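Novice: Sequence:
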Amino acid sequence: MILLILKSLGLMLGAFLISAWLGWNLSRRAQSHHSAFEGRPRVSFDEEPVAAPEPVAAPPPQPVAYLDAAAEAFTTGVVVPFVPSKATESDKAPYAPPQPAPRLDTAATNVLIRREDNSLQRRVSSLAAMTPESIQAAVQQAGTGLEPIRVGVPQSPPDDLTVISGIDSARQRELNSLGIFYYWQVAGWSPENVAWISNRILSPERVARENWMSQAARLARLH
Numbered sequence: 001m002i003l004l005i006l007k008s009l010g011l012m013l014g015a016f017l018i019s020a021w022l023g024w025n026l027s028r029r030a031q032s033h034h035s036a037f038e039g040r041p042r043v044s045f046d047e048e049p050v051a052a053p054e055p056v057a058a059p060p061p062q063p064v065a066y067l068d069a070a071a072e073a074f075t076t077g078v079v080v081p082f083v084p085s086k087a088t089e090s091d092k093a094p095y096a097p098p099q100p101a102p103r104l105d106t107a108a109t110n111v112l113i114r115r116e117d118n119s120l121q122r123r124v125s126s127l128a129a130m131t132p133e134s135i136q137a138a139v140q141q142a143g144t145g146l147e148p149i150r151v152g153v154p155q156s157p158p159d160d161l162t163v164i165s166g167i168d169s170a171r172q173r174e175l176n177s178l179g180i181f182y183y184w185q186v187a188g189w190s191p192e193n194v195a196w197i198s199n200r201i202l203s204p205e206r207v208a209r210e211n212w213m214s215q216a217a218r219l220a221r222l223h
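Per my numbering, residue 1 is the first one in the sequence shown, and the count goes up by one each step.
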């Protein structure tokens, strides 16, 4: 019985000592935190807020002289009429209706070229030295073609185009109706000219197959 009492007292004494030690440690920690907060500056909510700087007003717009003058004239009802100067009146040209451009007569122009510039008649097309296949390829690339040199009214006896292989009397009449009368004209046909002629005569494939340009150049003695 005495042993139980002594054990109880020992347990109570140990619990007291442990609790005392824990309380002492907790008090020391609380004191250290308090001293740390005391070193910081305190914020007072009673202080007056700092006033924001007042905005700087923009300078008032300056009046424009010509706008003021226009406003004054509008409010007073004074209208200043425009008086043209003498230089303005003298510079005005009298009205003249546009004149149409003079119409160029292609046939007459071609005749004039044949009369005055014989060097144009001595040009031989590059097709004269090409094969029929090359001529056909060049003509296909030429598109719709370009009008060749034509003669409206022959000033000298026309050449006999039927001498050219591939041109019969019917083809000659077709060519004459298009203003083609001479060997030098056929000899100078370009791929574009052949394309233009091919769209206006029958059997146009014979132009390349028989190479009319080469035959016409030999007949005109242009080689």
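If you are wondering where the hints come from, they were derived from the structure by calculation, not from laboratory data.
Please read all numbers here as calculations on a predicted model, not as lab measurements.
Be a bit skeptical, because a hint or two may be false.
[To be verified] Here are the in silico distance ranges between beta carbons for each label pair:
#, residue 1, residue 2, range
1, Pro204, Gly152, 35 to 45 Å
2, Leu4, Leu26, 32 to 42 Å
3, Thr131, Gln155, 32 to 42 Å
4, Gln155, Glu205, 30 to 40 Å
5, Met1, Gln31, 42 to 52 Å
6, Leu26, Glu54, 17 to 27 Å
7, Ser169, Gln140, 41 to 51 Å
8, Glu54, Arg28, 18 to 28 Å
Every residue gets a Cβ at the ideal spot worked out from N, C-alpha and C, and that includes glycine.
Novice: Tell me the hint numbers this structure goes against, listed in increasing order.
Specialist: 1, 6, 7 and 8
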